[in-house]
Amino acid sequence: MRINCPHCGPRGLEEFLYHGDATVKRPADGGAVPSKEWTDYVYLRENANGPHQELWYHSAGCHAWLTVTRDLSTHEILSVQSP
Amino acid sequence: MTARRLPTGGLIDRSKPLGFTFDGKSYQGYAGDTLASALLANNVKLIGRSFKYHRPRGILSAGSEEPNAIVELRDGAYREPNTRATTAELFDGLTAASQNRFPNLKYDLLSINSALAPLFAAGFYYKTFMWPAAFWEKLYEPIIRRAAGLGRNAGMPDPDSYEKSTEFCDVLVIGGGESGLDAAREAARAGGRVILCDETAALGGQSLSDGKTIDMTLPENVTVLTRTTVFGVYDGGTYGALTRLTDHLQVSSAPRQRLVKIIAPQSVLASGAIERPLVFGNNDLPGVMLAGAVRAYIHRYGVAPGTRAVLALNHDEAASTIPALTAAGINITGIIDSRTKTSDHLKTIAFAASAPIFTNATLNRALGKLAVSGAEIMLRDGATITLPCDLIAMSGGWNPALHLTSHLDGKPAWSEGIAAFIPGELPPGMRVVGAAAGEGINANIQPLWQSGKSSAKAFVDFQNDVTTTDIKLAKQEGFASVEHLKRYTTLGMATDQGKTANVNGLALLAQAKGKTISQTGTTRFRPPYTPVPIGALAGAHRGQHFKPKRLTPTHDFATAQNAVFIETGLWLRAQYFPKPGEGWREAANREVNTVRNHVGICDVTTLGKIDIQGRDAAKFLECVYTNSWTNLPIGRARYGLMLREDGFVMDDGTCARLSDHHFVMTTTTANAAKVMQHLEFCHQILWPELDVSFISVTDQWAQIAIAGPQSRDVLAKLIDAPFDVSNAAFPYMAAAQLTICNGTPARLFRLSFSGELAYELAVPARFGNALAQALTEAGAEYNITPYGTEALGIMRIEKGHPAGPELNGQTTAHDLGLAKLLSKKKDFIGRALSARPALIDTARPTLVGLKPIDGVTLLRAGSHLLPPDAAPTAANDQGHVTSAAYSPTLGHPIALALLCNGPSRLGDTIRVYDPIRNGDTLAEVVAPVFYDPSGSRLNA
Amino acid sequence: MLDAAIFAPPATPSVQPLPHRAIVSVAAFKGQIPALCAALGVDLPATPRRIVSSGTAWLWSGPAAWLAMSGAPDLYETLAGRAASLAAVTDQSDGRFLVSVSGPHARKILAKLVPIDLHPSVFPPDATALTLAAHIGVQLWQEEDQKFVIACFRSFGPALHHAFIEAAAEFDARG
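Protein chains in written order, with this note's numbering: chain A, 186 to 268; chain B, 7 to 946; chain C, 2 to 176.
For reference, chain A alone in the conformation it holds in the complex (with noise of 0.2 Å):
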């Protein structure tokens, strides 16, 4: 699998770090009480087909994180952008 950094240009696997799921934000509350939206956060995912938003981090590179959209059936890489 190849993914285009906008930073480095087309770089292999070898050289990222998979993160998960790009679309979860965290809370902006302050965390002073675990909450259901904070385990949400933290623990849970949709578990959809098709183009994902995922982020990524070029460790190997230039250590930006990008948030790839990626298709989880084709594994064809629809874009990758600075978050």
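Note that these hints are calculated values from the structure, not bench results. Since the structure is predicted, the reported quantities are computational estimates derived from the model, not experimental observations. Ideal Cβ positions, reconstructed from N, Cα and C, are used throughout, including at glycine. Among the hints, a few may not be true.
Label pairs and their calculated CB-CB ranges [unchecked claim]: (1) C:I34 <-> A:H204: 24 to 34 Å; (2) A:H204 <-> B:I922: 31 to 41 Å; (3) A:Q266 <-> B:T232: 38 to 48 Å; (4) A:Q266 <-> C:V123: 50 to 60 Å; (5) B:T232 <-> C:H120: 16 to 26 Å; (6) C:I34 <-> A:Y228: 36 to 46 Å; (7) B:I922 <-> C:I34: 25 to 35 Å; (8) B:S524 <-> A:T208: 40 to 50 Å; (9) A:T224 <-> B:A825: 14 to 24 Å.
Think about it this way: if two alpha-carbon atoms lie no more than 27 Å apart in a straight line, the pair counts; the simulated BS3-like pairs of lysine-lysine are [unchecked claim]: (10) C:K148 <-> B:K555; (11) B:K133 <-> B:K144; (12) B:K826 <-> A:K221; (13) A:K210 <-> B:K832; (14) B:K830 <-> A:K221; (15) B:K680 <-> B:K553; (16) B:K519 <-> B:K133; (17) C:K109 <-> B:K267; (18) C:K109 <-> B:K553.
Fit chains B and C to the given chain A structure using the hints.
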């Protein structure tokens, strides 16, 4: 001149004779021969015994699709099983041996399996050897182990070296035959970079086998890689290929093979086609060969594979075998055309060769014991006749070699017109040309999937010994989908991936089900197309070089001090410094005693050091650490705890403030890269509005801990005036930038992992060895000693500092007694979920200390903790020992452990249970600080 | 001053370890790139390129980050002074091991260890890249005398050097 070598012809070099041995007997061949062609030239037809039934097997093909002629090549540590004799290039001194026979190829005792065939039908291992149950381990398994398997592993480490490379091009052409050469020339005209790969040593493909002359010129921008198999197609226009660099040489110290990753946005698959065997009784006898292979041995290698031949076919192209046989002086006793009507094309050629044609006739069975001696034919009226021959050339048509098109899950499509699968959905960027696309093959074909009405076995998958009976049986037992057929019968699962078996197999399955081949479908192929040695996948990364080693800046100093090193992640760290006669325990104990009574130095460079600068540096630290940072004074360090967002402890370290906007964070050695990634995530994703920048300085600074009551005395000798290192001027947890040794820039931190008066002194890494040496000289009068990770570990356990075994990803701040570090006033990573009731439950295993009741029994990390009177079951498990050591300071073993309700059980007796290592002893629960609990030595 | 020691194995025709040089990381603070360029008097490259300005080489080393290199022993102090509140300036002179790969087989040697396309059509003389070589994180560029220079974290030096010696053996062993 060997028995079957033709007087002239072939692409071999007759001026270069080569000697080789097979099963201990010596033979001669020529440069350009394969092992198979050289054996045939010497009239050696019996090459091996089949997998299950131990039937005699010979050479079926002339290429990498060969299922039968697999041998052990070379000997000693170089011995490799299951090598296809048809692709092994002959070299002088080559040694090969047949497989799967005892005591020898001609008289194989296990050929009795043939008589027991009904027991070994498909799926037999699901139905046999099950009763009585006790017999399995004692009797059945050992017998099966000895009888099973194909080929023997050398059992020694691979002595060859391998390398890798990455190549880039605009177009990758796979296959250097006529279509591939055309495609390469066309691609090159566009001006970009073209790579052309062929799995054999010479370009030309099928044209070499057919004795046809073609244009082999190529422009400069085509890079040719011969002896290179493209074995896999992967996502992103990535292709895996293997180049055999020295397999064709007798001996070489150069890398044996090169794993080449090719990145190509476009590719052309010109892999040609693979001929289909016919399925009839005893079609596996030595002397039964694919018609195209017969032509290849004649044209390419100048070998006549027999003296009298029968040619069986169901399409026109196989007719080109007739002039080849004639030119090689091989008498044709019959042409068996299974079609209802023979084509004019065939009639013309056969007539010219005076060869008799039997139309609408099929092969019933091959005759012979260890080799073909005749062919039994069934005529159109049902009568059978026998034709004398020692060679049966057969062709059931050609299958496009489309394996690579299905590596990304593309399904091949059945083409009724040519009775073959052609590529269906293609990997992105790939197009297919020539025979691989189904062009120019199987003219006038009338498919015949099996023939013969005798009881003789008719083979579909030669290598895994799968017959027509097995396919019927699979369907009968309900394993009727192609995927089930494959796995139940093992058809297509041998080292040849069923290249000569798959299509025949599923055509027969379709017949058995009364369905069309389209309806039946086909299995997918997966990489690799042909076997790839594990060594090639590893390349240079094996043994000590599996992962790169990282050396500390004091490595040379430590080596000179007789250090024994230990791997800590990628790093080599000094573990202990034994004096003559000392083992690790004596050395570590001495080092601990010296540090606690005098002074010692230890390289702590490996702990991650991250330089953090920016207006919002302190704010950023507030976000990632659980405790407070904005109020940290300049010139001070503070212990910091970092959680994961799920509330569990991720890492800990110290962080020093060098100025308003400048901090230096340390992490544990193991988590340095992970923490860096985490910081980048927090900055780029969670808090992009913060103005902060960080960079690793782990390698920039050599950092040495100087610990012990006399550490200040030693340090003072090196520090440049006017820096004041007195207790008042530089108290516990102070941090500063200064110079030492007349102008060497340095950073000084008063931190202590050992619990003694201690400092960590950092200098630019190139001064590391010199600093260690200078400290040693300065400390000589105080009996200074270097100490390693062993002593480091003992002292931190004596002080109860959590480290790796306690920060195991399953512990919380509460578990480790660090709850007071969780700020109640601000958000930080992990704040919310760390407050979950289950994570603050005091019944959780919590940090305590342990002492053996008897004062001498060593406690071991990993031991479980149980109430003394309870049965040792999981239900009674109350925690485990995390770290343990013999304490030379206290004179008895100690341990840290996580115990349910730990802090409220001080003084209790607990059972420390370690059944795997025969440990079972009682211990007293104590506070997790064994030495100087008040910390008075730290503040001296 | 303490004695300095750097890993300095013998050179081969294709592979030479390089002597110590000043290396300084300069990472612009938020929105400060134009001011930083002005303060330094350098048009810092916004894409992975290497430029040379008044004897100092500037290599792009990530978004809004550069490595400055020169022979000046006080490079860190100079840049820290000029860039003061505009960028994070960090000395990296001891944080890197540098090795050069040169000669007619340089690209073939590099292809064995580096997984990126170094063909002149896509990697021109002023290009630089952050990538891997033999599983070690590296920055790679070319210097004036047509040699490739590869830099890794100092502690990986012996491992990186060993990998290049092996990769070059095919060419260097022939003498």
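Hint check, failures only
4, 7
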